[in-house]
Structure formats: structure tokens, C-alpha cells
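Asker: Residue numbers (numbering that gives the first Met the number 0), protein chains in the order written: chain A, 0 to 162; chain B, 0 to 618; chain C, 0 to 100.
Since the hints were derived computationally from the structure, they do not count as laboratory data.
Nothing here was measured: the structure is a model prediction, and the numbers come from that model.
The beta-carbon is built from N, C-alpha and C at its ideal position, and this holds for glycine as well.
Keeping only pairs whose Cα atoms sit at most 30 Å apart, straight-line, the calculated DSBU-like set for lysine-lysine is:
(1) C:K88 to A:K84
(2) B:K161 to B:K171
(3) B:K368 to B:K171
(4) B:K446 to B:K368
(5) B:K446 to B:K374
(6) C:K88 to A:K88
Residues of chain A clear of chain C, computed beta-carbon distances all greater than 10 Å:
(7) G76
(8) D77
(9) E81
From chain A, some residues computed to sit far from chain B (all C-beta separations above 10 Å):
(10) V10
(11) V25
(12) V57
(13) L75
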Amino acid sequence: MDLVFWIPALVAIVATLLAVTNYNPVHGLLYLIVSLLAVALIFFRLGAPFAGILEVIVYAGAIVVLFVFVVMMLNLGDAVVEQEKRWLKPRVWAGPAVLCGVLIVELWRVVWPAGATHPLSDAVIDAPHVGVALFGPYLLAVELASMMLLAALVAAFHLGRHD
Amino acid sequence: MYDLLFLVFALPLAGFLILAFGRGRLGENGAAAVGVGSVGGAALVTAGLVAQFLGHPPDGGAYTQVLWDWMKVGGFTPHFALRLDGLSLTMLGVITGVGFMIHLFASWYMRGDDGYSRFFSYMNLFVASMVFLVLGDNLLFLYFGWEGVGLCSFLLIGFWYKDAANGSAARKAFIVTRVGDTFMAIGLFWLFRSLGTLDIQQVLQLAPQAFDSESGRQAVRGIALLLLGGAVGKSAQLPLQTWLPDAMAGPTPVSALIHAATMVTAGVYLIARTHVLFELAPDVQHLVGVVGAVTLLLAGFTALVQTDIKRVLAYSTMSQIGYMFLALGAGAWSAAIFHLMTHAFFKALLFLSAGAVILACHHEQDIRKMGGLRKTLPLAFWCFVVGGGALAAVPYITAGFYSKDEILWQAYAGGHMDLFLAGLFGALLTSIYTTRLILVVFFGEEKTHAHAGHGVSYWLPLAVLLVLSTFVGGLIHPPLEGVLPAAPGEGGGAAQLGIEALSGSVAIGGILVTALVYFTRPRALLALAQAPAAQAVRRFWFSAFGFDWLYDRLLVRPFFWLVRVCSGDLFDQAIGTIPELLRHANVLSTRTQTGRMRWYAASFAAGAVLIVAAVMFRG
Amino acid sequence: MIVPFEQVLFVSGVLFVLGLMGILIRRNILFVLMSIEVMMNSAALAFVAAGNRWGQPDGQIMFILILTLAASEASVGLALVLQIFRRFKTLDTDAASEMKG
Numbered sequence: 000m001d002l003v004f005w006i007p008a009l010v011a012i013v014a015t016l017l018a019v020t021n022y023n024p025v026h027g028l029l030y031l032i033v034s035l036l037a038v039a040l041i042f043f044r045l046g047a048p049f050a051g052i053l054e055v056i057v058y059a060g061a062i063v064v065l066f067v068f069v070v071m072m073l074n075l076g077d078a079v080v081e082q083e084k085r086w087l088k089p090r091v092w093a094g095p096a097v098l099c100g101v102l103i104v105e106l107w108r109v110v111w112p113a114g115a116t117h118p119l120s121d122a123v124i125d126a127p128h129v130g131v132a133l134f135g136p137y138l139l140a141v142e143l144a145s146m147m148l149l150a151a152l153v154a155a156f157h158l159g160r161h162d
Numbered sequence: 000m001y002d003l004l005f006l007v008f009a010l011p012l013a014g015f016l017i018l019a020f021g022r023g024r025l026g027e028n029g030a031a032a033v034g035v036g037s038v039g040g041a042a043l044v045t046a047g048l049v050a051q052f053l054g055h056p057p058d059g060g061a062y063t064q065v066l067w068d069w070m071k072v073g074g075f076t077p078h079f080a081l082r083l084d085g086l087s088l089t090m091l092g093v094i095t096g097v098g099f100m101i102h103l104f105a106s107w108y109m110r111g112d113d114g115y116s117r118f119f120s121y122m123n124l125f126v127a128s129m130v131f132l133v134l135g136d137n138l139l140f141l142y143f144g145w146e147g148v149g150l151c152s153f154l155l156i157g158f159w160y161k162d163a164a165n166g167s168a169a170r171k172a173f174i175v176t177r178v179g180d181t182f183m184a185i186g187l188f189w190l191f192r193s194l195g196t197l198d199i200q201q202v203l204q205l206a207p208q209a210f211d212s213e214s215g216r217q218a219v220r221g222i223a224l225l226l227l228g229g230a231v232g233k234s235a236q237l238p239l240q241t242w243l244p245d246a247m248a249g250p251t252p253v254s255a256l257i258h259a260a261t262m263v264t265a266g267v268y269l270i271a272r273t274h275v276l277f278e279l280a281p282d283v284q285h286l287v288g289v290v291g292a293v294t295l296l297l298a299g300f301t302a303l304v305q306t307d308i309k310r311v312l313a314y315s316t317m318s319q320i321g322y323m324f325l326a327l328g329a330g331a332w333s334a335a336i337f338h339l340m341t342h343a344f345f346k347a348l349l350f351l352s353a354g355a356v357i358l359a360c361h362h363e364q365d366i367r368k369m370g371g372l373r374k375t376l377p378l379a380f381w382c383f384v385v386g387g388g389a390l391a392a393v394p395y396i397t398a399g400f401y402s403k404d405e406i407l408w409q410a411y412a413g414g415h416m417d418l419f420l421a422g423l424f425g426a427l428l429t430s431i432y433t434t435r436l437i438l439v440v441f442f443g444e445e446k447t448h449a450h451a452g453h454g455v456s457y458w459l460p461l462a463v464l465l466v467l468s469t470f471v472g473g474l475i476h477p478p479l480e481g482v483l484p485a486a487p488g489e490g491g492g493a494a495q496l497g498i499e500a501l502s503g504s505v506a507i508g509g510i511l512v513t514a515l516v517y518f519t520r521p522r523a524l525l526a527l528a529q530a531p532a533a534q535a536v537r538r539f540w541f542s543a544f545g546f547d548w549l550y551d552r553l554l555v556r557p558f559f560w561l562v563r564v565c566s567g568d569l570f571d572q573a574i575g576t577i578p579e580l581l582r583h584a585n586v587l588s589t590r591t592q593t594g595r596m597r598w599y600a601a602s603f604a605a606g607a608v609l610i611v612a613a614v615m616f617r618g
Numbered sequence: 000m001i002v003p004f005e006q007v008l009f010v011s012g013v014l015f016v017l018g019l020m021g022i023l024i025r026r027n028i029l030f031v032l033m034s035i036e037v038m039m040n041s042a043a044l045a046f047v048a049a050g051n052r053w054g055q056p057d058g059q060i061m062f063i064l065i066l067t068l069a070a071s072e073a074s075v076g077l078a079l080v081l082q083i084f085r086r087f088k089t090l091d092t093d094a095a096s097e098m099k100g
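The shape of chain A in the complex, shown without the other chains (with noise of 0.2 Å):
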């Protein structure tokens, strides 16, 4: 049992498992916020601190702040609260947790049989090692998501005006 990786991944479920059901749009977004640490802290564990940090400043420190800001910006109160409450009714969630207990079943089925271990290394892929892959062979694919973020703000831009 590794503790390092089994602590975090179950912050990490019970974070998202809150996040997703909470009433409060103000507390979804913290319990995100925590959900994604937890995960941040998974790929310390496996050896990827470069997409740790990048997890913390870019998920958890701009997108989940963006969500903030909307928040803000709508000035949701109470009323949201007391309304997701009316929505969330057992009658409404019930089928779908069924079908997601399930998948969760089969998945655990599929990619985690019994006795198939393929452990993982300790070794530590660093900066260096994803950037020289990152502007070698993959330097289109950084072009394209470059492009695609550049689409992105025009389209926000534009769809964020009052008109």
C-alpha cells in the first residue's frame, strides 16, 4: 500500500465527489481547487514535478481563478443555492449515479485485474527532459495549441461583448 499515492487519490475523489454535488457554487470551486492539489501531488508521486507545478499555477491558480471571476461577475447568492437545491432531487441523481457505479465496476474490472501489476519506476522526468521533447518532435503540436489558444481569446473576446 503506498500511502504517498493512496492519501491524495482519495482527497482527490472526496474533493471532486463534493465538488460536483455542492450546492454552492462558491464551495464547488474550492473543493476543485483541493481536488485538483490532490491530483498535483499524484504526479510529484509519479515522478512528473514539472506537471505538478504546472497543475498548481495553471489548473488551480488561472483556469479555476477564471471560474471565480464568473462567479463574481454573476453574483450568484442564495438563490442559486436554494434553486440547486430544488434541481438536485434523489429523483434526478439516482439514475445517473447507477449507471456511473457501474462504469465505475467495470473500469475497475477492466484496467485493474486481478494480480496484473505493472509498477511504476521511481525515476524523476524533469524539466529539461520535457521541453527538449516538447520543441524537437512535438514542436507542431505546440504550434497548433498555440494557434488554438490565440482562437480561444478571439472567441471570448467576442462572445464576452455586451452587444
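Fit chains B and C to the known structure of chain A by using the hints.
Answerer: Just chains B and C now, kept in the frame of chain A:
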């Protein structure tokens, strides 16, 4: 000068292309300039060709201009060549000369119409196709032009396509002539199989030897019959004549150019062009004459009772082409072409002045609603008098007399008494219905208020054709020697004078009797028309001897019945289930598109469950 | 001893299914977008684990590409959220169900 021969068709073709691609953007004046100018240029070139042809005839009486090889299929390499001889020169003169006058008139007649430039583009295409038809030195080339003029005829009859009746008239013309064209195509196939060529000169040279056996005579009889089938379709002769009266749905200049002066006479040209084949099959040649004689009588009777000014002229066209066929059947080849030419002059004149009358009376075509137009439309009146005189063949002062008399004389001299008598009786009918038309339209009390046209493009074409319809036109002598064989009775002397006197007195007698009865005994005429027997005869004649009714019962209705029966058969239903199933599937899948995103996501998830389950149970 | 590859994949799968459940049960667009972020994050976790499994940096590169995708998706999606809220005065996804067939 001969080098410019290709311009005669290239100019109208260029005009068509310019108008077709620049349609609507040229404006009325631009379209008229292009449309009329291109045909005018072709007419000028033709005039130059005529001058040179008469001054310095080419070697052998014909000039051939090879443009390029049309296609190469095995040993079959038709040249794209133009051949100018006396016959095609005569036809060229008619097409471009009369065509130019009609184009000029049309630039006045069509003014203000939505499809002004479309009209001229079709007209130019028609002139180009017609020139193809007469200049082609190859029967395939001729057939190409033959189909081209058919297409233009279809387009122009249905020119005012927003009225469904015009569209069905156009379709009728197209389909009925297509019947003849199919005969002609089969005839051409047979001819190629027998002789191995479709080059007209080679055909004419090879035919006498090739068809010199018993089976050869059978073959040439079949070929001549099939070519005759094509000719009767195009020239509106019995039994394919029903389309011509309906073709009057097109604009009047179209009726003048296509359905009077040029296209409908293409059948006459075809038979004259392939005269050797018909001479090798004398019974078919006689059949040509009989077809012409029957058609001219039938059309003459029908024209007596028509009330639409253009339909009267249409039936008279039919009857005059009957004269040409009669001449062909009697072996009077030159006389047929001569009558074709003079007929083009006076019938174009009649149609154009009818157009002037129709426009002056605000698109009224019923002659019973006209009357007394003599004073308000003097130019149209005199055009009708001269043109009608030429149509009725008033002796010595009209062009029609010279040609029609030539035909009657040749029929008599060749011993074809049946054809001669039919022609003579037809002359009487012609004079009667012509006089009736002029009297009803231009005399009597005035029933509508007419506005005379003005402008040079109005009176110049009428004036030129007016002059050509008098004896001046009769003086023009088509240079047909060497192209067509001599007729039996050349230079008849006293006997010919007797025939001239006979036919002339018939024409004048018919006119005088009609006028006399009309002016002195109108009440007796009316009483006669009221008699029940006369009414029945009138109805029968009015329906053109019931051919439309007959064809409707015999061909159209059984065909529609067959179509209805076949449309619901087993195979159709079997195939019909496929689209039916697809439609139901479409309805079902439309239901699933609720616009609710969570349902879409749920179906994704369900699909994922199934797929992962499949993976799980496989392993 | 470090954890086996299969267990990391399973954790990633659980996170993914939780995100999916969020999409299925929430009507609020904001939560739907958050769930999508969770799902993408779980995919990134699987990539990084696979990168470790074979000792290659490609897994982390995929993570970076997913990161850019998530960033663009979040920016466009949130702009749309603003528009929808402005137009319908609600964040209910069913309010925008105008594309039903």
C-alpha cells in the same frame, strides 16, 4: 470573298454568345444592336457572296470551305465543311436577308419586353443553326443544324413561358417534330450503312449505282420514306402538321422567321438536297406530291374558318408548303425552291404586318374584334393587300404568281393531273380565305381603337418586303441550274400561257366572288353560316379536320393511361418502401433530438457502459 | 514500493466517472463546466502515469496540451455562460434547448 463564307454563321453565333453571356447587362439598345447587327453583318456577307457568285461562279458551280474534321470514328470522318452552291446560296439569301428584316422589325415589336436580350439571343442562335443547316456539305452536319433550329423553335414558341399554354405549345411542337426527326435519323443511319458516307455530294454520286439492284431499290425506297418523315415533321405536313398552329403562341416575329419563312421550309430544302434518292424511288416522290396536295387542301379549308389572325396565316403557310411539296413530287425542283423564296418574302410580310396589327390593337388576335383598320393602319393595310395578293397569286403583279404558276404548269406538263387539279382548287381556296381575312380585318365598322406604330425599324422592313412581294420578287431568278435537275416542262410556250390564264382567273375569280358576296349579300352569308349543316362543317374545319382530337384519343390518352398503370406497379412499390422506411427512421431520430444536453451526455455514458462491458466480457 | 500502474489508471477512471456524473446530474452550466474540467484532469492523470510507466516525457507533453485545451475551453465556455445568463437570466442548460428537432 468566298473565304468569308464562315462569317455567315460565325456572326450570328457570336451575337448569340454575347447576348447569352451578357444578358440583361446590355440594355435594350445594346441587345438590339448586337442581335440585329450580327444578322445584318451576315446579310452583308451574303450579299457580297451573291454578287461574286453571279459574277464569277466558282469551279463546278460550288465552293467548299473545310474548317476542320468533326470527329473520327473508324472510317467515318465527317468534315466540318461549308458548301456553297446555287441552292444553299438561295437559302442563305432568304435566311439572312428576310431574317435581317424580321430582326429589325422585332427590335421594334419586342420593345419593352422583359426578355428583350433573351429574345435576340435565341433568334441569333436560330439564324446560326439555320445557316449550319443549309451550308453543311454533310448530312450529319445538316442534321445538327436541323436539331438546332428545332431547339430554337421550342425556346421561342415558349418564349413567354409564364403562361402555361405557351409552354405546352412549345412542348407539342418539340415532340411532334421529334417524331419526324427520329424517322430522319434512322434514314440517315440506313443511308450510311448502304453507302458508307454521309457527304452529300458523294451520296448523290454513289446512289444511282449502289441502289441499282432489286434490294437496292427497296432500300432507297425505305430511306426516301424515312427522309420524307423527317421533312413532313419539320415542314408541318400531313400527318405531323398539328404543331404549327399552336406554334403561333410565340412572338409574331418568331412566327414570321421560323414558322413561315425559314425553318418550316427546311423539309423542302432537305428533299431538294437529296433529290437523287427521291428520283430513284418514284413512288415515294409521288407520295411527296400527294402529301403536299392533301395538306394544301386540308389547310386551305381550315384557314377558311379560323378566327385568330395568326392561325389563318399559319394554315396558309401549311398550305403553301404543301404547294412546295407538290412541286417536289412533280419533279419541279427549281419551282419548289422558287416558291420557297417568294413565299418567304410575302409570308414574312404578312406575319410582320399581322404583328403590327396585333400590337396596334393591344395584343388582340381575334379578327372578329377587329375591322375597319384600313384608315388607322394604312401601311399594314397595303402590306396585307400586296402580301395577300401574292399569297392568292394575283397574275403578273405579285411574286407569288410567278412561282405558283410555275408549280402548276410543271405539274400539268409532267402529267400529274391529280396534283395539278388539287393545286388549282387550292389556289381558289387560298384566294377566298385571303380575301376574307383582309375584308374582315380592314373593312367594315371599326371595333377597336388602333395605334399605328412608327419608327424606321417599323416601316423599313415592311416596305422592303412589300417591294419584294410584288413582281420584283418574281424577277429574282435563283441560280439553281446544275444543282437541281431540269423540270419536265421547261419553256412551255402556248400551253404554259393557257395554264397561267387558268390559274390567274381562278385567283381573281375567287377574290372577286368573295368580295362581291361580302359587300352585296352579307345577310345571305350570315344566314348560310347559321344553317346547322354549315355549323357542323364549320366546327369540323375549325378543328383542322379533328387531327388534334384524333391524336389525343389515339396516342396521348393511351400513353397517359399506360403511365398511370405503370407508375403504381409492384417494383415501384417495392422500391418505394426504402424511402418510406428512411422517412420513419428520420421521424424517430428527430424525436431523440430534444435539445437537452444531459440526455445526450446520458446516452454517451450508456454507450460507454456498453462498450466497456464488451471489453470486459471479451477478456 | 511505488504503486502499480493499474491502480493509478483506476483512480483516473474514478475521477473521470465522477466528472461524468456531474454532467449528468447538474442543470447549472457552471457545474457542468467544472465537471468537464474534472474529466480532462483525470485524462491528464492517466497520461502522466503512462509516461512514467514507459519512462518517456510524452505523457507530460500530452498533459501540457490538455492544459491548453482546458484553458481555451474554459475561456470560451465561460464567455458563453455570460452570454446565456445575459440572454435567459438563468444558468439552466434546459433553457437553451432551442436546437430540438
